[in-house]
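**Student:** Listed here are the chains, written in short residue letters.
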Amino acid sequence: MALKATLIRRICPPCDDKLVHLRLGMTKRVNTTEMAHLGTDAFSAKSFWHNGPAPGAFYNFPGMQSGSCNKEAQRSQQPITTGTSVLGLKFENGVIICADTLGSYGSMARFRDCQRVMKVNNNIAVGVGGDYADFQYLKRIIDQKIMDEHIADDGFSLKPKALYTWLTRVMYNRRNRFDPLWNNYVVGGIQEGVPFLGAVDLRGMAYQDRHIATGYGGYIALPLLRDAAEKNPNMTQQQAKDIMEKCLEVLYYRDARSFPKYQMAIVTADGVTVSDVLELKSNWEVAHMISGF
Amino acid sequence: MSSIGTGYDLSASQFSPDGRVFQVEYAQKAVENSGTAIGLKGKDGVVFAVEKLVQSKLYEFGANRRLFTVDTHVGMSVAGLLADAKQIVETARSECADYRSQYGSNIPLKYLNDRVSMFMHAYTLYSAVRPFGCSAIIGSYDQVDGPAMYVIDPSGVSHGYFGCAIGKAKQSAKTEMEKLKLSDLSCRELVKEAARIIYLVHDELKDKAFELELSWVGEATGGRHEKVPKELFQEAERYANSSLQDDSESDTEDA
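As given, the protein sequences belong to chains A and B, one line each in that order. Under my numbering, residue 293 is the last one in the first sequence; the count climbs by one each step, no gaps. Under my numbering, residue 1255 is the last one in the second sequence; the count climbs by one each step, no gaps.
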């Protein structure tokens, strides 16, 4: 063990040995030869450079907590409690965003009432997939943003595209620091009378479209949404709800990290309503016919 | 004017021989020169009213507001130098946001009061800065604790009140308030009384034009501090005007 002597307590009178105060409060009797090998010593200039910085290397100053400066280099976490797909769809005069209410803990269906769809203000709703803790962190910040608007009392209120752009910047900057917020956001709302729908992912990639699905939804639900939108470009609210429920149902059959309870946020010119937790009806009658995998 | 503290009034870090800090007193003078602001705490909320003196007809209506929302549930009305007041408001806002980020809930008014008072007091200790030339009335409503209201003056001293007034006509406003049984009145009634008091204490001869500002926080607003809605505002103004006319015979002359 490298002895990091911090100060010499006293000199032992009979033999002139120095009693050195080590870390953790221990005291060690040392003689002069040993002194030369100890670390920082207030008396002897020679020991000052012992264990000192080597050219080109990081120097850990004695007494400093290790890793305070060095650990910034690599982070890139892993998501712990996660939400699965989020779906978004524009209809005639609004937007629907929906997601199930499961927070998975790896393969365990641990938290079964995680609200993954939130109302931001009267014009914006947001759905989130990915690491739930990262969402909770940003949710607080977004909530404070909205409160700050009420406090400023200047008649301005956050628009969907503004939140979408801000989220993109936040996510992109975090990814550049190798410390992403491991989430997929779906932002929906009404901007100047026109429905808005966009998605931002953990890499800061952002795009807008008429229909959005994150995670597994991209493979399973998106084709269904695209098909429905092509056949019926100006869907009514009820038609949009129906197709969303259908997609969620298929996701429940096929996504192993999904759950039959879900929430929907509907944004129209009248405002945002986030539904209560609803239950999917599912039909497993074909299950016995499926085999081979 | 009152006694001039010759030689002992150059900085806030000096006492006078009779134990006064003149800079703080001069700051209080700045407050007394400004339009009146009052706060009334009733049984289910707090109402603020401000007599906002309008120096020029060229100002847009609603410019230079003196009522601020400091947090969703906290309102503040100010008297004195408006620029100084805006800094207090910013500090208070940041304290509220900080409390929420640390403790996850709305800041109780007495903690906000402590923080803002300490902040204002700090500026009375050094010669490098001057004290804030403004007083603030802060009020909030909480479901559990009910309404609360404090006044903080430039010296950093604060008191809790049922009814308070700062600015030009604070004495006459206080006299009027003492006639009311504030703890029995609801917010809606207080809004009308507040408007009436402001109209009453406004000095038509000295200051011509003024704008009335009204805001409230209480049960009626669901705990959110807001400007009083238009219909109630107009109702309050009508009530105030009619009370003025009724009182005009019995009004005592005041300078």
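These are computed hints drawn from the structure, not numbers from a lab. Owing to the predicted nature of the structure, the values given are computational and were not obtained by experimental measurement. Glycine included, each C-beta is placed from N, C-alpha and C at the ideal position. A couple of the hints might just be wrong.
Unchecked claim - Among the chain A residues that face chain B by a calculated CB cut under 8 Å, a handful are:
hint, residue
1, His150
2, Ile151
3, Asp153
As the list claims (entries may be wrong) - Derived EDC-like pairs: lysine to aspartate or glutamate, alpha-carbon spacing no greater than 20 Å straight-line:
hint, chain 1, residue 1, chain 2, residue 2
4, B, Lys1170, B, Glu1060
5, B, Lys1170, B, Glu1204
6, A, Lys145, B, Glu1090
7, A, Lys261, A, Asp154
8, A, Lys145, B, Glu1032
9, B, Lys1206, B, Glu1032
10, A, Lys261, A, Glu249
11, B, Lys1230, A, Asp154
12, A, Lys246, A, Asp143
13, A, Lys119, A, Asp276
14, B, Lys1230, A, Asp153
15, A, Lys119, A, Glu149
16, A, Lys139, B, Glu1090
17, B, Lys1086, A, Glu92
18, B, Lys1227, A, Asp148
19, A, Lys145, B, Glu1226
20, B, Lys1227, B, Glu1060
21, A, Lys161, A, Asp148
22, B, Lys1086, B, Asp1098
23, B, Lys1227, A, Glu279
24, B, Lys1086, A, Asp148
25, A, Lys145, B, Asp1246
26, B, Lys1227, A, Asp153
27, B, Lys1029, B, Asp1203
28, B, Lys1192, B, Asp1145
29, B, Lys1179, B, Asp1246
30, A, Lys246, A, Glu192
31, B, Lys1227, A, Glu149
32, B, Lys1086, A, Glu249
33, A, Lys161, A, Asp143
34, A, Lys241, A, Asp179
35, B, Lys1086, A, Asp113
36, A, Lys139, A, Asp113
37, B, Lys1174, B, Asp1145
Stated by the list, open to error - Just so you have them, the derived chain A footprint on chain B, three or more residues with Cβ under 8 Å:
hint, region
38, 1066-1072
39, 1144-1157
**Student:** With a cut-off of 20 Å on the C-alpha distance, tell me whether Lys1179 of chain B and Asp1246 of chain B pass.
**Tutor:** Holds. Lys1179 of chain B to Asp1246 of chain B sits at ~17 Å (cutoff 20 Å).
**Student:** Need the status of pair Lys1029 of chain B, Asp1203 of chain B: alpha-carbon distance at most 20 Å?
**Tutor:** Satisfied, since the Cα-Cα distance of roughly 18 Å is no more than 20 Å.
**Student:** Is it true that the CA of Lys119 of chain A sits at most 20 Å from the CA of Glu149 of chain A?
**Tutor:** holds (15 Å)
**Student:** For the pair supplied as a hint, Lys1086 of chain B and Asp113 of chain A, is the alpha-carbon distance within the 20 Å limit?
**Tutor:** violated (43 Å)
**Student:** Between Lys261 of chain A and Asp154 of chain A, is the straight-line Cα distance small enough, at 20 Å or below?
**Tutor:** Answer violated: Lys261 of chain A to Asp154 of chain A is near 40 Å, above 20 Å.
**Student:** Verify the proposed pairing of Lys261 of chain A with Glu249 of chain A, using a straight-line Cα cut of 20 Å.
**Tutor:** holds (10 Å)
**Student:** If you draw a straight line from the CA of Lys139 of chain A to the CA of Glu1090 of chain B, is it 20 Å or shorter?
**Tutor:** Violated. Lys139 of chain A to Glu1090 of chain B sits at ~23 Å, over the 20 Å cutoff.
**Student:** Next pair to validate is Lys1174 of chain B with Asp1145 of chain B; report whether the Cα-Cα distance is within 20 Å.
**Tutor:** violated (25 Å)
**Student:** Taking 20 Å as the top limit, are the C-alpha atoms of Lys145 of chain A and Asp1246 of chain B close enough?
**Tutor:** violated (48 Å)
**Student:** For a C-alpha distance cap of 20 Å, please report whether Lys241 of chain A and Asp179 of chain A respect it.
**Tutor:** Answer violated: Lys241 of chain A to Asp179 of chain A is near 36 Å, above 20 Å.
**Student:** Taken at face value, is the distance from the CA of Glu1090 of chain B to the CA of Lys145 of chain A at most 20 Å?
**Tutor:** Measuring from Cα to Cα gives roughly 15 Å; hence the hint holds.
**Student:** Is the hint on Ile151 of chain A kept, meaning its closest Cβ partner in chain B is under 8 Å away?
**Tutor:** This hint holds: Ile151 of chain A lies near chain B, its Cβ roughly 5 Å from the closest one there, short of 8 Å.
Violated hints, in rising order: 4, 7, 8, 12, 16, 17, 23, 25, 28, 30, 32, 34, 35, 37, 39; the structure is consistent with all others.
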